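S.K.: When you get a sec, could you build the whole thing from the sequences and use the hints?
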Amino acid sequence: LLKEMDQRICIKFCVKNEIKCYKVCEMLTKAYGESVMSKTRVYEWYKRFQDGREDVADDERPGRPSTSTTDENVEKVKAMIMNDRRITIREVADDVGISIGSCHEIFSNVLVQRRLREAIRKKRPDLWKNNSWLLHHDNAPAHTSLLVREFLAKNNTVTMPQPPYSPDMAPCDFFLFPKIKRTLKGRRFTSIDDIKSASLKELKAIPKIEFEKCFDDWKKRWRKCIISNGDYFEGDNINVDE
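Going by UniProt numbering, the first residue of the sequence shown is number 1, and it counts up by one from there.
Since the hints were made in silico from the structure, they are not lab data. Hints may be right or wrong, so weigh each one.
Okay, the calculated beta carbon distance ranges per label pair [claimed, not checked]:
#1 K78 with I9: 25 to 31 Å
#2 S145 with F215: 26 to 32 Å
#3 W222 with K16: 41 to 47 Å
#4 K16 with R223: 36 to 42 Å
Quick caveat, the model's predicted, so the values are computed rather than measured. We put the CB at the ideal spot given by N, CA and C, even for glycine.
M.R.: Okay, structure coming up:
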């Protein structure tokens, strides 16, 4: 299912870039090999996106409520997965009576998040004593993918809450990446290793006082977000000392 979801995203991207459907089929076949969707399915989803569809998940099945991620369904899905680790998403969806898309949503965005929260709960009392890492990144698809979330949960890496579409809240986005980009801008590199080496050199060159300032700025941005109740704001027109 995950591979099919990925392919649907690819199809949607191609539609928005006006790539012909037959060409999309060729590209998917080259990328996914034996796991590629059938041509019929590709043309079906191509037409849906062409007609303005945005959602890549399956439609809810007729007669079912629009909200399927209820506590009851979550517990049913969890029980089935725990009972049989080899069971497929489709089998779970059919048995519980929800769409494959809803089943995937429950597994990836509810159950995995629970595992992560439990790991955080157990680890939190000793976070600062054993130098555990706190990870704060934005909501980019690469960061919120199931693979990344499972990796973080497995390694007990604590992720900080991040408001949607707020890259200026994450230190890497408002401090680290721009600083490195400025120093490397205009330079040519002959290999990936050269890029890594230059980036590492620039990272090590950042003085401690700048990281301390970034940390203070980070906390100030948290407070602004809390004071504004999560609403959009620009500049420094919010007094965090009130």
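S.K.: Evaluate the given range 25 to 31 Å for the C-beta pair formed by K78 and I9.
M.R.: holds, 26 Å
S.K.: Is the distance from the Cβ of W222 to the Cβ of K16 consistent with 41 to 47 Å?
M.R.: violated, 35 Å
S.K.: Take a look at whether the Cβ-Cβ distance between K16 and R223 falls inside 36 to 42 Å.
M.R.: Since K16 and R223 have Cβ atoms about 38 Å apart, the given range 36 to 42 Å holds.
S.K.: For S145 and F215, compare the CB-CB distance with the range 26 to 32 Å and indicate the outcome.
M.R.: Holds, at about 28 Å.
Against the hints set out earlier in the document, a violation occurs for number 3 only.
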